[in-house]
Structure formats: C-alpha cells, structure tokens
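Chemist: So the chains spell out like this:
Protein chains: 2
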Amino acid sequence: MSLIVQKYGGTSVAGVNRIKNVAERIVGAKKAGNSVVAVVSALGGKTDELIRMAKEINPFPSDREMDMLMSTGEQMSSALLAMAVHSLGYDAISLTGGQVGIMTDDSHTKARIVSIDPEKVSKEIEIGRIVIVAGFQGVSSSRDITTLGRGGSDTTAVALAAVLKADACEIYTDVDGVYTADPRIVPEARKISVISYEEMLEMASLGAKVMQARSVEFAKKYDVPIHVRSSFNNEDGTFIVKEAKEMEEAVVRGVTVARNEAKVTLSKVPDIPGIAAKVFKNIAESNINIDMIIQNVSEHGTTDLTFTVVKSDLDKLLGTIENISKEIGIEGFKTDEDIAKVSVVGIGMKSHAGVAAIMFNALAETGINIEMISTSEIKISCVIREEYAEKAVRILHEKFELENK
Amino acid sequence: MSLIVQKYGGTSVAGVNRIKNVAERIVGAKKAGNSVVAVVSALGGKTDELIRMAKEINPFPSDREMDMLMSTGEQMSSALLAMAVHSLGYDAISLTGGQVGIMTDDSHTKARIVSIDPEKVSKEIEIGRIVIVAGFQGVSSSRDITTLGRGGSDTTAVALAAVLKADACEIYTDVDGVYTADPRIVPEARKISVISYEEMLEMASLGAKVMQARSVEFAKKYDVPIHVRSSFNNEDGTFIVKEAKEMEEAVVRGVTVARNEAKVTLSKVPDIPGIAAKVFKNIAESNINIDMIIQNVSEHGTTDLTFTVVKSDLDKLLGTIENISKEIGIEGFKTDEDIAKVSVVGIGMKSHAGVAAIMFNALAETGINIEMISTSEIKISCVIREEYAEKAVRILHEKFELENK
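Chains as they are written, first to last, in my numbering: chain A, 8 to 412; chain B, 8 to 412.
So here's chain A without its partners, still in its complex pose:
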C-alpha cells in the first residue's frame, strides 16, 4: 500500500462544490488502495478577507497576532474538507499544524519548520483514516501559532511527505503543471513533463509562480518526488525529481520573466579595497537580499555600483543607503523600477556550450539592450527594459525551440 501526500491550494477549495470535488479526489486515491494525507490551504479569498479586517483594525498588526488570525483559514478548510469526506462514507480527521506536531522557529509570518513528530499522523493512517492537515501553520516552542509564509502549504505537504517517507507528493493547483514559459505570454508554451529540482528551483525563484522556491528546496533536500497537477482534471502534470542523465538532452527547459525587481545605482563610490564589502554588509544587515551586482570600471578613484533588489524592499533600502553614505561617502544614488529579468533555465547547459551566445544574439537581433547579466551553472539571466519583457520571452522560447518536445 502506498502513502500519498496531496496538497490542495486555495482555488481548489474555494466554495462548497469545490470542497466536495476535492473530497471525491481524496476518496478516489483512498479507494485505489492508498493511504492519503491531504494538506489544505485556506478557502480561496479567505486569506485576503482576514488581512483586510486586520488592517482595518490596525494598519500595522503584530506578526504574532496575524499568525493567530491567518491560521484560522486553514483550520476552517481542513474541518470542512473532513466533513465532506465523511459525507462520502469514509473516515477522516482534520488536524491543525500544532496537532500534527509541526514545530517551527518563532519567526512569525515566515516561520521555518524545525521538526515534525510523525506519530499522530502515522497513528491515524494506521487505523485507516484519511488525514486532513491544515497547511501553512505550525507552533513555536512557546506553543504560539506560527505560519510559514507564502507557499507555506506546499512546504507543509513536502515536509510531511519527507517525514512520513511518502511514496508520492501531489501538489494540486489551478494550472496543469509547469510550463516552458507563461502561456499567457507565449501561446506555444508546452507543459514540461519532468523537471529536476535544480531547474524548478531556478524557475521558481526567477518568476514561475507554480511552486515557491522554498518548498522545492525542501523536496530536494529530502528527495521527495513531487507531482504538480491540476485539481480540475485528471491529466498528469509536471514531475519534479532528482536530476536524471537523459534530462540533459534538453539544453534549455524553460524561459521565465520576473518583474518584481528594481535596479539601484550608487554613484561615485570610493574605489578602495573592502568598500563593496562594507556596502553589501550594511544592506545584508538590513535583511535585504541583493540579486545581481555590476561594478563599473573605475574612473578617478571612484566607481559606480549597480545592483537589483526586490521592489518591496526599496523603502527599507533608502534608510540603509543613508547610513552607507555617512559611513563611506558616495555622490548619490538612483533607482529604476522599469526593468524586467528574463532567464533561460536548463541543466543541459552544464554540458552544452554556447547557450549564452544564442541568448545574447537573439536579444540583440531584436534590438533589446542587455543592462545586466548573471549566470549560474544552469541558468542565464538578463536585465532589460520592462517594456520588452514579453517580446524577449517569446523570442527566446522560439530560439531554443521549446514548443517542440
């Protein structure tokens, strides 16, 4: 008998009828002879409703109380889903994160899982019950309720699959799987049937929204095979697995675009050894992540330092730049939010040279200027003007022939 962990996102349980459909799907897996653990998100729209109420009451609600509030969403949907399973004549029990024994650190609203005690879930499985777990939540060592941040229910599912040594971890969502590019931009985009953890990680952090990078990291670490698929049909979706030899045949797996970054340029930074380190140490201490960095050629003992950060961190960054200015002296700075980052991803790059050249050429031929470049073993990213973002994605998708199997 196999053990399957399934995860259902908010859109999959938005409303009574969808909850009933999910219950049928769960019972289907059970009827097929599997033990089933289903992790569920809050009812679609519920989370936004709770945030709106909180902000009306307090524009800056405390993280601890936000977790107390938000965690009710998943508790609610898990109870309703258990009731729906009961009405199909199957035994089920809903459990909160705390009842499952998901222990986290105390970083409210973005807690990290420290440990999971599998005993309770295992016991319920053993007596034949379907276990419905409230996703996205855990408890800290002081028994405060915590939440795991964006994509938290995915993390709950993957972590449970790891600790329970599940045979499969199915992530049900409102799309059919992971695509070679966003189908809204590239109509020829193709569903990817198999992708490696590394590729998926790059895709996720570069803008593909199907799964959060964090849960993929977790899956990679504990070698949990994942199947991302739609809760609205029975088609196979995308399998996310450990790297396999034959996967290298495809040089590029997909093209992504991210529009959530801004470019920041510090001008006339003294060009002395150790200055860049000081700058980025200051920024890191403000808990701001830097993505790409360029340092211009030095002129007259000063240099320009350009880097990208997530737009939502810009406000925080301004204070930090003032400190930097005081400490080391710079002439000024400017920010630019009208950029996009297009990337090509594929583990085939490891053994195929020339991918960068093809990419740069393709953009150049189309008249798109590349402002910044960063590369890793399995991806190449270029910062361009935001207005050319979709055009660039389409050109690259075509050049790397991603529409063909």
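Keep in mind that the hints were calculated from the coordinates and are not lab data.
Take these hints with a grain of salt, some might be off.
Copies of the same chain look alike in the list, so a pair counts if it fits in one copy or across any two.
To be verified - Below, in silico cross-link-like pairs of lysine-lysine (DSS-like), each with a Cα-Cα straight-line distance of 30 Å or less:
id	residue 1	residue 2
1	Lys130	Lys62
2	Lys127	Lys62
3	Lys62	Lys38
4	Lys275	Lys318
5	Lys228	Lys27
6	Lys62	Lys227
7	Lys323	Lys333
8	Lys53	Lys27
9	Lys341	Lys130
10	Lys227	Lys285
11	Lys228	Lys172
12	Lys341	Lys127
13	Lys117	Lys127
These numbers come from a predicted model, not from an experiment.
Based on these hints, arrange chain B on the given structure of chain A.
Modeler: Same frame as chain A, now just chain B:
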C-alpha cells in the same frame, strides 16, 4: 491592583467598529489600574455562517469536526481584539482555549471543563499584558479542540475568574442587565441591581436568556461575583452574588416565561408500584430531561402520567415511548406543544408564606387555567395555555409590584 475578567459576547464584537469600542473599554479598565483578562465570543453572525457552510457540505457533520470549525470563530475575534488593543498603544496577547490550558472532557460540542492551568495567563498578566482569551473552547486530553456549548464563553470567563481568583467578573452583553421580566412583554419591567446565584439560576433555567444556567452554577460553586452589564453604555448592570440577608426583603425578584417545553401524557399506565420509576428510568437513559410531572388519580387500576420535556427532545422521546409501551403496556400517548411555563422567582419566598396563593389567585382572576404546578424553595412555576403567556407575565409582574424598587 485588582484583577478583572471581562467577557464580551458576539454582538459586542460584531464588526470592526465594535471591536475597537471593546478595545477602548478594556484599555479603560487597564488605565484604571487593573489587570485585565478579556474573554471574547465569535464575531456576531460568524457562528451561523460557519454552521451554514458545514451543513451545506454535510447535513450531519461530526461533532469533533464541528468543534474544529467553530473554534476558529473565537480565535479570529481574539486575534482581532488583541490588534485593536495594540493600536491603542497597550500590550496584549490573544490565546486559544488550548493555550490557556483549558482542559475539558471529550464531549464534543458540549464539553465540560475539567481543569484550567492558570500559569500561562498569570505569567502574561505579571509582565503587564492584557490577555485576550478565545471563549467557548478548550482541548481534550487527546489534544482535540472542544467547545463548551451554548453560553460557553460565559463559562470560560467564570472559570477563569475562579481559577485566577479574580476580583470581578464582568459579563458584557447587548442588554443592560437582568430584568424583573422581559421588557418586550412588560414595559414596566425594572433592571434588578442585585440578585443571588440561586435566583439567577432559576431565572436562567426558567427562560431569562441573559446568562446560561451552567455558567451561573459555576460562579456559585466557586463564589465568583458576576456583573452582567451592557457593552454599549457605562451604567451598572446586575450583580450576581452570594445570598445576602437583606435580599430577602423582596419576596419575588422576577417573573419568567419559557415556551420551549411540550406536555406529554401517557394514558392508562398500569398503577402498580414501581411503574413510574420504570417509565422515567427509560426516559433518563435516552438522555431526555423531564421537567414537571403529574400523576392523575388512579381509576380501574390504571393512571394517566403527564410530564413536560424540552420540545427539541420530542423526536427522541417517541422512540423511547414505544419501548415503554412494549415493556409495561400503556393505552396511548399524546403530546401538546401549545403550552407555556410562567414562573415567579425569589429567595424571599423562603421566609414569606402565601406567594403561591397570590400567584394562583392572580391567574384565576384573569381566567387563566393552571394545568401543572411545580415549586422549589425559591420559585413557583405554572404551566398554562401558550396564548395566555404574556398576559400572565404582565399580571404577575403587577401583582408582586415588581415595577417598584
């Protein structure tokens, strides 16, 4: 410094503005130099919304899952209330029933409190925090979430006041206190300033809806002084306290009416010693509470047995009567739902004779027939036709001069 436990009902926190008002009231008590523990119900209307969703998904939801679902209502309002207190610049923390350490038995949807560990709340009070407790809920020994049934948040408040040895327990509601009669029936009804636990218990179980009998029992057992008052003004409400000598001056404290009972008559029951015992043992085993009982004079070796039960138990009773019929043989039975029970309550009755006579006379003079009577040391109840219920209440209120202080 005094410790005050406050309880706010659902109408007091129905909506953002009311939550803010409650926060102001809590902070007011804190500013006045008190430690404050506030117990809160679910946002008005929330409970019905959750029940509706559950029933749409499963007409017969399991009690355990209902508790899982319903408990989110109070968790939500406690978090929102804590945020509202924060926005007034005061430190507060919300706690679920489980976090407070409210241990119950495992009778889901109507659990009874077994113990409360005061440590967590005491620690939070000590460091100066306002503690906001999600009412109505606890956890069983298997760490399942339980709820305390109707009026459960009152019970949470009273139990916390008892275990914390609070100086006061204030029950905030949408009425000004306990009245000598329902003001919608008797416009001259007067707010009672002080009432004994015993009187309040009788009033509650006889139909006054301000507090559930169960939480009054709890208060009596642990001698917790209660102040029932409105959350919409600053007037004193009704103090519920231990019996005091001077309280006996008022012979009758109030008049109540209950319409939730039905009369059941078993006809031609064999009049043999032990038969009534058999009948009522059968009924008790079905978990149905009998209120009043009359046994008619025996004729030809059989007798009629009449009693009242809560209307909602009638369905359950029918099965039981069939068993009784098989076991001991009766001719038949009839039920009558068109009755009302009017009662007068007052500890003064203990030392004043003639109250019953005044009551019976008053009803007789008005042409109201008394069908059943039951009495205790501090109350007299009469079953009458339901159509005369309001008339009877008005007459009795007048005869016992309850409109005068």
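Chemist: Confirm or reject each hint.
Modeler: Quick rundown of the hints versus the structure:
Within a single copy, Lys130 and Lys62 get their C-alpha atoms only as close as 40 Å, which misses the 30 Å cut-off; across copies the closest is 29 Å, which meets it. Taking the closest pair of Cα atoms, Lys127 and Lys62 come within 30 Å of each other only across two copies (28 Å); inside a single copy the shortest separation is 36 Å, beyond that limit. In this assembly of identical chains, the alpha carbons of Lys62 and Lys38 lie at most 30 Å apart only when taken from different copies (25 Å versus 44 Å within one copy). With identical chains, the CA atoms of Lys275 and Lys318 are at most 30 Å apart within one copy only, with a shortest distance of 23 Å there and 85 Å across copies.
In this homomeric assembly, Lys228 and Lys27 never come within 30 Å of each other (Cα to Cα): the closest approach is 34 Å inside a single copy and 46 Å across copies. Taking CA atoms no more than 30 Å apart as the test, Lys62 paired with Lys227 passes in neither setting, with 37 Å inside one copy and 41 Å between copies. Taking identical chains as interchangeable, the C-alpha atoms of Lys323 and Lys333 lie at most 30 Å apart only when both belong to the same chain, with a minimum of 16 Å there against 81 Å between chains. For the identical chains of this complex, Lys53 and Lys27 are neighbours both inside a copy (18 Å) and across copies (22 Å), given an alpha-carbon limit of 30 Å.
For a Cα distance limit of 30 Å, the shortest separation of Lys341 from Lys130 qualifies neither inside one copy, at 58 Å, nor across copies, at 50 Å. Taking the closest pair of Cα atoms, Lys227 and Lys285 never come within 30 Å of each other, the shortest separation being 34 Å inside a single copy and 68 Å across copies. In the homo-oligomer, the alpha carbons of Lys228 and Lys172 lie at most 30 Å apart inside one protomer (13 Å), although the nearest pairing across protomers, at 52 Å, exceeds that limit. Neither within a single protomer nor between protomers do Lys341 and Lys127 lie at most 30 Å apart by alpha-carbon distance, with minima of 54 Å and 51 Å respectively.
For the identical chains of this complex, Lys117 and Lys127 are neighbours both inside a copy (24 Å) and across copies (25 Å), given an alpha-carbon limit of 30 Å.
In summary, the structure is inconsistent with hints 5, 6, 9, 10 and 12 from the numbered list given earlier, while agreeing with the others.
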